[in-house]
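Q: Here is what each chain is made of, one letter per residue.
2 protein chains.
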Amino acid sequence: MSPKPLDYESLNENVKKVQYAVRGELYLRASELQKEGKKIIFTNVGNPHALGQKPLTFPRQVIALCQAPFLLDDPNVGLLFPADAIARAKHYLSLTSGGLGAYSDSRGLPGIRKEIAEFIERRDGYPSDPELIYLTDGASKGVMQMLNALIRNEKDGILVPVPQYPLYSAAISLYGGSLVPYYLEEEANWGLDINQLRQSISAARMKGLTVRAMVIINPGNPTGQCLSEANIKELLIFCYQENLVLLADEVYQQNIYQNERPFISSRKVLFDMGLPISKEVQLVSFHTVSKGYWGECGQRGGYFEMTNLPAKSVDEIYKVASISLSPNVPGQIFLGLMVNPPKPGDISYLKYATESKAILESLKRRAHIMTDGFNSCRNVVCNFTEGAMYSFPQIRLPPRAIEAAKSAGKAPDVFYCLKLLEATGISTVPGSGFGQKEGVFHLRTTILPAEEDMPAIMDSFKKFNDEFMEQYEDYRGYSRM
Amino acid sequence: MSPKPLDYESLNENVKKVQYAVRGELYLRASELQKEGKKIIFTNVGNPHALGQKPLTFPRQVIALCQAPFLLDDPNVGLLFPADAIARAKHYLSLTSGGLGAYSDSRGLPGIRKEIAEFIERRDGYPSDPELIYLTDGASKGVMQMLNALIRNEKDGILVPVPQYPLYSAAISLYGGSLVPYYLEEEANWGLDINQLRQSISAARMKGLTVRAMVIINPGNPTGQCLSEANIKELLIFCYQENLVLLADEVYQQNIYQNERPFISSRKVLFDMGLPISKEVQLVSFHTVSKGYWGECGQRGGYFEMTNLPAKSVDEIYKVASISLSPNVPGQIFLGLMVNPPKPGDISYLKYATESKAILESLKRRAHIMTDGFNSCRNVVCNFTEGAMYSFPQIRLPPRAIEAAKSAGKAPDVFYCLKLLEATGISTVPGSGFGQKEGVFHLRTTILPAEEDMPAIMDSFKKFNDEFMEQYEDYRGYSRM
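Chains U and F, in that order, are what the protein sequence lines are. Taking the working numbering, the leading residue of the first sequence gets 105, the next gets one more, and so forth. Taking the working numbering, the leading residue of the second sequence gets 105, the next gets one more, and so forth.
Take these hints with a grain of salt, some might be off.
It does not matter which identical chain is meant; a pair holds if it fits inside one copy or across any two.
List time: in silico DSS-like cross-link candidates among lysine-lysine, alpha-carbon distance up to 30 Å [stated by the list, open to error]:
1) K120 with K311
2) K566 with K142
3) K139 with K423
4) K142 with K194
5) K423 with K514
6) K423 with K523
7) K461 with K108
8) K259 with K121
The hints are simulated quantities; they were obtained by calculation from the structure and are not laboratory data.
Same shape as in the complex, but just chain U (with noise of 0.2 Å):
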């Protein structure tokens, strides 16, 4: 009997080749230690809120009312409420068309786009049109959109970093266009080499590829690296040079943990470059509400802006969003208070800003804690997280471990964290579900855990690395071989 339509032998194929290790086997193995009772952490995800930070006050005031109008009516809505966030709910209410229960225009309500415009450009110091700012259900569904614009075929390549996030190989798989590797350098801490990009696009080329886009992942995930002015200046002369269209993922750009390379944007880059360059190269930035000090992950609020692009193009990725209506109406108003949070002055800017401040301060001592926890293992070196919210580890494998995972069926890097998952309960992500150098392994975790568990966390894991290294290099073995 031939197979049926939704059997696994006749679906499409490019949804079978995706691979998308943050929720892979690792992920499902710790539900199931869960399930049979296991305290498990989970550092596979960079979700905040999972790990018990707490969400930001006002804007969740704010929202809270505009899911609850009726509350702004009632006499003792001020018992509960403070002011500027009953004014903040009022003044969302007016943006909307309806409220929160109406679809918004598909690429989001213009009164909204319209204060993310104004933040774009106190932040880059160059005007924004709130026209080519597209809001999504979180920044993964925006990144989705514009790959699926630009593959054609499977000999559209994209540059994508290695190490990646998976999204990135994952959704062009779906699409059924070619990955394009460019690899970060650990040694420099993890930094982009323009040398090493045109040998990729090079390879890719012979390969028969129309390379078209190259992503970055800035500060960079799973790496943590933030990139120079100085880089950013020489990548947008490489896609000018090429005909490339930047994807910048920025959406760590709240997230920076040293002072030597504050976050700047791409755009911003781009256009302090002047002509031609700032007119020509087309450039798609990413930013969500899921990260920087919101967390705010659940409620899923994303846009991305467009930069250079004809104006027939961006009435084409308006149709194809309209076909799914609308993102989510109370996200898109997260990413309103996100770009006009409280100011001094206002009734909520203290808490306000001591709960950011905190939130960040933390990070960066967690950054810290990880970063010297994994150097103070056997055979680990990682690079500081200068940003972002994850520690990639390189963790030097024995040849016997490496022998001992290929017995097991897996990879060295997927047995050593199913091990240690098995162990201590720490759920990470293995280094090849990023990408690698051939012969060498890491894992990503974040750094989310909560301040006070970490010490215990970062101990718990030295003991399991540092006896799973004793066990592994013991030369009595190699005899044996």
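Could you slot chain F onto chain U? The hints should help.
A: Structure of chain F alone, referenced to chain U:
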């Protein structure tokens, strides 16, 4: 110079092929007129809150508390919220891992999926497995996921009713498949004729297509008919014989305005039929919080349930859902509330029941006002809206109107709808956006304008239409040809 990657000429052709009339030329023109200060009645999208429908109070209270969990510790919370809303908010927060700001599992929160499974069991009389229920950012996203999994190339055909909701045609274009139309019979109250289906599938196979799935929309959009149990049985036998997946769009299951054909789910009919068919036909059913008496479109909460899919395929669909991490969590909680509303005896029951009933009864009255209104117009005939929230009258355009449209470079129905918009501010969607038989013209309007505005809107429509007909039925006009 060669075009840039995001120039129109270098975009993915499938993106360019997409058509989406619900937010097409008419909507854009209406938005322009609105900007110019004209009062527009947007009946182009089923967006109840945008036309003044008030949200149900209880779910909004619960979601406001979930967004602001710190209120639960406030001694004054009882002044603004009833005890059952407080209890329910605590319940839903206990189902999350970190509140509304944390990503859930990519399939949705397990606790909500369990509540949905219990609802389905109560509705159908057969148990449902939460592991086969996936939550999405509105039902449209789920439909797109399934079509993406099904469509391998342009030789894969999907049977779609004509007229249809253009989500289907648009998504099929986007994923590069082929739409295989089957016509609903306007004269038979938009009924579905199995012989017609057989002809459609034969014709598609003659063209070399592999027909993989069949879409039904029950209650119908834009056509408003409710399928009988006997009709669904025939369909399921057809799917069984022809090896088709049935995609059952049942988002309007609460919107029923007659008693002869209450809503019955495809899943219940399938299970009632017994073996072998109940274990053989692959079925995916869709539901949402956007429709019914909820109308919570802006929250983007939807789910799909998979029946008779092998575990390996369910896993593939999970993997692809994981790329964008998690559907929005507030939307998931709305789904929980929809399938588990206040019960008799609960503090909020009476209010909830009164509000829901008022909305549904008003919709029923509006369905009558609108159908009767259209049928009182010259050259307009309209089936009664048995369910859903649309009216789809046939407009019998005189030959001279068709000529005039041609001269204006417009499709005849687009011409008519544009004139209607300019004259009255009523923003409809031309029938060609949904598909219609050659030489026959329609428009779609929602039945959602406020009930008190309805008589004036229908008067305004009648005045425009009858004058339009008068103008173009002028036989002196013909004599000049």
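Q: Evaluate each hint against the coordinates.
A: Tested hints:
For the homomeric pair K120 and K311, the shortest alpha-carbon distances inside one copy (24 Å) and between copies (27 Å) are both at most 30 Å. For the identical chains of this complex, K566 and K142 are intra-copy neighbours only, at 20 Å inside a copy versus 69 Å across copies, given an alpha-carbon limit of 30 Å. Within a single copy, K139 and K423 get their C-alpha atoms only as close as 43 Å, which misses the 30 Å cut-off; across copies the closest is 20 Å, which meets it. For the homomeric pair K142 and K194, the shortest alpha-carbon distance between copies (24 Å) is at most 30 Å, but the shortest distance inside one copy (46 Å) is not.
Only between protomers do K423 and K514 lie at most 30 Å apart by alpha-carbon distance; the minimum there is 20 Å, versus 44 Å within a single protomer. Only between protomers do K423 and K523 lie at most 30 Å apart by alpha-carbon distance; the minimum there is 23 Å, versus 48 Å within a single protomer. For the homomeric pair K461 and K108, neither the shortest alpha-carbon distance inside one copy (55 Å) nor that between copies (42 Å) is at most 30 Å. Both within a single protomer and between protomers do K259 and K121 lie at most 30 Å apart by alpha-carbon distance, with minima of 16 Å and 20 Å respectively.
Going through the hint list in order, the structure does not satisfy hint 7, though it satisfies all others.
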